[in-house]
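Asker: Use the sequences and the hints to build the structure in full.
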Amino acid sequence: MDIPDVEPVAVEGRIRIPYRWPAGKAGGRFLAALRDESRLLGQRCPKCARVAVPPRPRCLSCGAVADEWVPVGPEGELVSWTVARGGPAPVAWGLVRLDGADTGVLHRLLDVAPEALKSGMRMRAVLDGRRTGQITDIAGFAPAGGATCNR
Amino acid sequence: MGERVAIVGAGQTLHRSRRLDVSAPELIDEAVQAALTDAGMGPDGIDAIVVGNMEHFEGIHLSDLWAVEGTGGVGKPQLKIATGGTTGSSLSQAAYYLVASGAFRTVLAVGWERLSDSEGETTTGIVTAFDPIYERPTLAGAVSGLAIMACQYQSKYGTRPEDAAEVVIQARENALRNPHAHLRKPVTTAEVLASPMLSTPMRYLDMCPTSDGAAAVLFTSRPGDRSAAWVRGVSGAHNHVYLGDVAEGAASFLNTLTIAAERAYKQAGVTSPREQFDVVEMYEPCTWAALEWAESLGLCAKGQAARLWGEGTTRLDGDLPVNPSGGVLCTNPIGATGLVRVAEGSLQVRGRAGERQVDGARLALTTGFGGSFWSEVMILGRDA
Amino acid sequence: MQPVVILGAAQTRHAARRPEASYAELAFEVVADVLARTGVGHDRIDTVITASSDFWDGRTISDMSVQDAVGAAGKSASKVSMDGAFALVYGAARIASGAYRTCLVVAHGKASEGMPRAIASAAFDPIYERPLGPDDRVALGLQARRFLDLRGLGEEVLAEAAAQAWTAAASNPNAERREARTAVQVSSDALVADPLRGSQLAPDSDGACAILLADEQTAAQVAAASGREGGSTTVRLEGFGLSTDMHGLGDRDLGTAGVLPRAARSAYEQAGIHEPGRELDVAETYDASSAQTLLWREGLGLPPTGGPAWNPSGGAMGAQPGFATGLVRVAEVFERLARGEGRTGVAHGMTGFVGQAHCVWVLRRR
Chain A
1 MDIPDVEPVA
11 VEGRIRIPYR
21 WPAGKAGGRF
31 LAALRDESRL
41 LGQRCPKCAR
51 VAVPPRPRCL
61 SCGAVADEWV
71 PVGPEGELVS
81 WTVARGGPAP
91 VAWGLVRLDG
101 ADTGVLHRLL
111 DVAPEALKSG
121 MRMRAVLDGR
131 RTGQITDIAG
141 FAPAGGATCN
151 R
Chain B
1001 MGERVAIVGA
1011 GQTLHRSRRL
1021 DVSAPELIDE
1031 AVQAALTDAG
1041 MGPDGIDAIV
1051 VGNMEHFEGI
1061 HLSDLWAVEG
1071 TGGVGKPQLK
1081 IATGGTTGSS
1091 LSQAAYYLVA
1101 SGAFRTVLAV
1111 GWERLSDSEG
1121 ETTTGIVTAF
1131 DPIYERPTLA
1141 GAVSGLAIMA
1151 CQYQSKYGTR
1161 PEDAAEVVIQ
1171 ARENALRNPH
1181 AHLRKPVTTA
1191 EVLASPMLST
1201 PMRYLDMCPT
1211 SDGAAAVLFT
1221 SRPGDRSAAW
1231 VRGVSGAHNH
1241 VYLGDVAEGA
1251 ASFLNTLTIA
1261 AERAYKQAGV
1271 TSPREQFDVV
1281 EMYEPCTWAA
1291 LEWAESLGLC
1301 AKGQAARLWG
1311 EGTTRLDGDL
1321 PVNPSGGVLC
1331 TNPIGATGLV
1341 RVAEGSLQVR
1351 GRAGERQVDG
1361 ARLALTTGFG
1371 GSFWSEVMIL
1381 GRDA
Chain C
2001 MQPVVILGAA
2011 QTRHAARRPE
2021 ASYAELAFEV
2031 VADVLARTGV
2041 GHDRIDTVIT
2051 ASSDFWDGRT
2061 ISDMSVQDAV
2071 GAAGKSASKV
2081 SMDGAFALVY
2091 GAARIASGAY
2101 RTCLVVAHGK
2111 ASEGMPRAIA
2121 SAAFDPIYER
2131 PLGPDDRVAL
2141 GLQARRFLDL
2151 RGLGEEVLAE
2161 AAAQAWTAAA
2171 SNPNAERREA
2181 RTAVQVSSDA
2191 LVADPLRGSQ
2201 LAPDSDGACA
2211 ILLADEQTAA
2221 QVAAASGREG
2231 GSTTVRLEGF
2241 GLSTDMHGLG
2251 DRDLGTAGVL
2261 PRAARSAYEQ
2271 AGIHEPGREL
2281 DVAETYDASS
2291 AQTLLWREGL
2301 GLPPTGGPAW
2311 NPSGGAMGAQ
2321 PGFATGLVRV
2331 AEVFERLARG
2341 EGRTGVAHGM
2351 TGFVGQAHCV
2361 WVLRRR
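So the sequences go chain by chain: A, B and C. Heads up, the first sequence is in this note's numbering, so the first residue is 1 and it goes up one at a time. Heads up, the second sequence is in this note's numbering, so the first residue is 1001 and it goes up one at a time. Heads up, the third sequence is in this note's numbering, so the first residue is 2001 and it goes up one at a time.
Quick caveat, the hints were computed from the structure, so don't treat them as lab data. Built from N, CA and C at the ideal position, the CB exists for glycine as well. Please note that the accuracy of each hint is not assured.
Which stretches of chain A does chain B cover? Using the computed rule of at least three CB atoms under 8 Å from a CB of chain B, they are [claimed, not checked]: (1) 6-19; (2) 48-60; (3) 126-137.
Answerer: See the structure below:
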């Protein structure tokens, strides 16, 4: 039987599954302080003194259980930045090391032109006026000196 | 030949329907710390880690690299193994080969799953295992394939639903002795037969649950004076892609289990499994599977499994206890489930299984089931 | 671990789109090819390790869909859900354990079937990062920026590295990108994630790769049966290293090679290499950006100029077929050594954002 060549045939599909991820013991503490007290907390390792933001089950440097909390930020230093231009509008992203912390936080950068971005510049956390206990309670980081709350 | 390999530590979380109290890394950490404590070892003693779960159940891509926060994998070699239902048994085998090869002295295997993260949608994830063009539009997840198998088995041997019910009744009794088990409530034959029909002949209580949990097992070629369960046999047998090819011409639906078991028995010098094994930790996703697969494993003659359970041989105080932990019918955090079998088998031969200990257990058979009816087998012994 | 012999390797012609083939068919293509090249039949394959991603394949248990393509039925098989170079560790270990004589390692990736940016976004921390919507290019941009800042380098070094990769890939028949470009051309490209431009990022490709491993004895038998000179063209895996870094981008210093030196050290130690810059003849790396081309070179302990032939295939900048990318690097080094172009080479694989996990292999011709 002769079978003619055909154009490639494809079946379209989409996997739709809703998810819910518990923040856990350490994460719950961090997010609740952000939501209820507008405070940024770092998790300090009792063994090696590394301060982590956001928190982890154990210190990633030495493995000790880190259950001491210290205030960090709200200002910090821009460790690195990029402007993602794949979407409808460019989005500035940065890694910000909050004052008092040893790690950087990945977040969006606000109120700054791409040309003005410079590693090492001082940034300040801008909190969202509406709190939900999620990382988006931080609206982003803007150059230090500006507003601290966007709504 | 390779190094001899022993299990010197096993840890598990409390497996529950929802572990909302902990994040996934915290859940994993619980199991890892328990394994280290059991072995009397610090994290520095671990040379490499193998970790696994199934990404669609939590919706997290490269979940192994996120999970380092729980596995302790930062700075260490870590491999991710993910093979569906067999993920846990595949992890134990990967850890075994990595140690047997001399590549690493001590390897930690970590399996985990949080099925509550996609609560109610576990089946949506499982359905994606099947071919999107020919099978996915019509399949109903894990239940359908198992129901076809159960139907075939039932029509061949005339096995009654109450025979299958006996499997879950015994499993639930055993789970009462296992603090880690998820379902710890006894059930009766009447309750099983009155539970909703999922897919003939399988009812709700014939099927395993979905759980949150993690397990961790330490494999080493240098057990020293630690209490050890020696790996005596390791094997697996894979299968074809399509369900229609799977059962075609095979002696049993899970022919791969027979193939894998025969290879592992040969390695361990097992010629008479019914007599030689002291305990079995079998991956039975449903009651009917336990019956058919006990036969695939050669624990009894074809069609005789109902008697094995009915006469109490499989009970904790019976001649050949099957799943003293309560098995998969009571606990099923998918990526950990197969590793829990290995963990439980190792605890039995190390004499550390607590209230569910089988007296004097020296040789344990553990199995894993997954994918399109493929199988893995690991045999553990008190003696090297 | 005892050295293991590479009997042969095969890869597809990688492309942006292969709509006429399913990913199982891509896997079949390379399996059939490697068996044909080595003259080894399916019946002599003892065990199979595949590498694939359930998210990329849009299929949980993605190894299930390639079982028939790789001939796994009845055999013991497993899947490493990481870049194929990592899967090779498991494959080699299965042989070195003495349990198997041959092992087929197969990796595939088919970017055109899914949404690479959305899939990458799902690998960020679900609590602290993913709700913000970053993707892999954000990570690559942050890394490249930090790399330049840390060393006080200008963007021209990225353009030069990219031009070198494009030029090398132009003469690689398997590469997706086959058009030589100069640094000036690269620099005029649009920015995708500052400071990276489109042509300084590896493409998203469709492709597969297979490597057939054997123990020494079996390799000698295969060589004898094929009538080839046994021994003179034997290429062995003589050392490997694995290392894993922290997950958070802010937990690491992205301007360094991170934990790559640790993996390289382990591989070099096993293979008895003391001066990689002098002892290695060829190096192939999984560089997802031009910044990584430079970073990984440093992380492998190689000098900025000179040293071994550097990514003669064009590296991952020429084609990036998902989890096959690192295994292709091993295949490229193997082919080169098997042809007699050099004696010792290093191949690098990577999984995760900007080098969270590295795998390094040393290959040597005996």
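Asker: Under the constraints set out in the numbered hints, which ones does this structure not fulfil?
Answerer: 3
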